[in-house]
Amino acid sequence: MNGSQGSKLRLWSCAAILGATAAMHSGVASAQYNDGKVFLTGGVFTVDGAGGGGAVPWATITGYETRDGINGGVGYTYANLPALQLNVFGGAIGFYDRFELSYATHKLSLNLSNLDTVALLDEILGLGLGTDPWNSTLQMDVYGAKLRLFGDAVYTSDSWIPQVAIGGLYKENTTGELVRTLGASKTKDWEAYLAATKVFFPLSTLVNFTVRYTSANQIGLTGFGECSADGCTNDKEFRFEASIAHLLSKNTAIGFEYQQHGGNLDGKSVSLAGGGLPLEGLTDLLGPLLPGVQTALTQEKESDWMDVFFAYAPNKNLSFVIAYLMLGNISVAQDQNGFYMSMHATF
Amino acid sequence: MKLSKIGLSLFTGAALLAASVQPAFAGEQKTKPILGIPKSSLDDFGGAAGVHAWVESLFYYIMLDNRISHIFREFGNVERQIALNTQLEQMVLGGAVEYQGASMSAAHADLGITMTQFNAVVEAAYNACERNNIPYKTCNHLIAALAPFTRVIVTR
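Respectively, the protein sequence lines represent chains S and Z.
Mind the numbering: the first sequence is residues 1 to 347 in the working numbering, read in order.
Mind the numbering: the second sequence is residues 1 to 156 in the working numbering, read in order.
These are computed hints drawn from the structure, not numbers from a lab.
Every value quoted in this text rests on a predicted model; they were computed, and no experiment measured them.
Errors might be hidden in some of the hints.
Distance windows between CB atoms, simulated [what the hints assert, rightly or not]:
| hint | chain 1 | residue 1 | chain 2 | residue 2 | range |
| --- | --- | --- | --- | --- | --- |
| 1 | S | Leu318 | Z | Phe72 | 24 to 32 Å |
| 2 | S | Val211 | Z | Ala83 | 43 to 51 Å |
| 3 | S | His246 | Z | Arg151 | 23 to 31 Å |
| 4 | Z | Tyr136 | S | Gly231 | 51 to 59 Å |
Built from N, CA and C at the ideal position, the CB exists for glycine as well.
All chains should be built: construct the whole structure from the sequences, respecting the hints.
Laid out in structure tokens, this is it:
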């Protein structure tokens, strides 16, 4: 019931974004259509849907519009990590280089043999963990809005004042059982961020700093907050993020990103029956059969995310990003480092 | 025939007068980018001749761009615009050159330039750098030096 409503909403969101971008493209809003921004200065498609780098939202407004009009685009991102595959599809529209609306939907496939063991037991015992013995999948929808407050990231080369924007994201994880199995408190929550972006022309470099107020576990893919035997908490905190992009030419950039993460689920055992039943009972049972199962099902310390990227925009309608992600420990999996590819089509 | 000749000479006289009088009124100052402009910038552009060649390419690309060519065409006397721009660009790059044109604010006050049109000129500037084999990094020093004029050029 809940799941089908979620997927309906997702379908509607996809349809709305495609419809809106198609409408802009076909000229329904041609009076307001604008693509006058300089190359890559609108940023690309982040996993949150907002305009920015790969994971870090920037203060720039998405799309190629200037203050004179509207522009937007759709993006698709695929990350292939040893035990995880992330698919993100979404879109964003920028209004007058001032305001931005965005949407992204995530599918994170978990190929974790230790979690699959739990899933097999779940299937046999009928515990309702939200796991699947073949491929447990986490899903999330992200709705975002961003408002540029002041400053010009590009042209104020005689001032240290950056472009500054505030943004909000509402994240709705639609795989509640699995998120609770992993020990999170909430499946839906909001985040807020403040971003400052500046282009330093003499260095051919863009620098962005973002502070995010959030309680997310792995950007919300494994929920928000944590639950333990003492109860549940969902305390937001400020986390720091940064992007540095060096332009090799007007349409090619290389760079580095950093995103601080929290530690809500650090050291927690994958728990059964929505957090009410920690895994100890099961591991006691399984212990003699499968030595080491308890440590294998204890979640690692959540790592901060880092990546190095290469971005190329052959023209204003298309950009590609290839990155190497260093996401470290994700849930019960270690060393989740691997390749990332993202495409962003703008209209 | 005679009338048009008189008209032309009157126009030329007025233009010369304007050109000679403008610096006394306003002129333009060198901008002050926060990270400075390297001393070698002008040489990296190929000196006065290099800057002149770049400005000629700039106008070539401007005149090919339907979004902005009409503005420059209506303004007239492209040769003079190229000469003045060559002076301006040398000055902002640190050259000991007197810019004899009007201030950026005076020259653009009545044109109602949009950000889209300004960005189109910036795109033409990058195209001109590529055409003249000026490295991207060198080109960005000129962009940094000209960028602060955005405030007075873009009035809409």
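Hints, one by one, checked against the model:
1. Leu318(S) x Phe72(Z): 24 to 32 Å: Once the Cβ atoms are compared, 30 Å apart, the range 24 to 32 Å for Phe72(Z) and Leu318(S) holds.
2. Val211(S) x Ala83(Z): 43 to 51 Å: holds (49 Å)
3. His246(S) x Arg151(Z): 23 to 31 Å: Because 27 Å falls inside the window, the suggested range holds.
4. Tyr136(Z) x Gly231(S): 51 to 59 Å: holds (57 Å)
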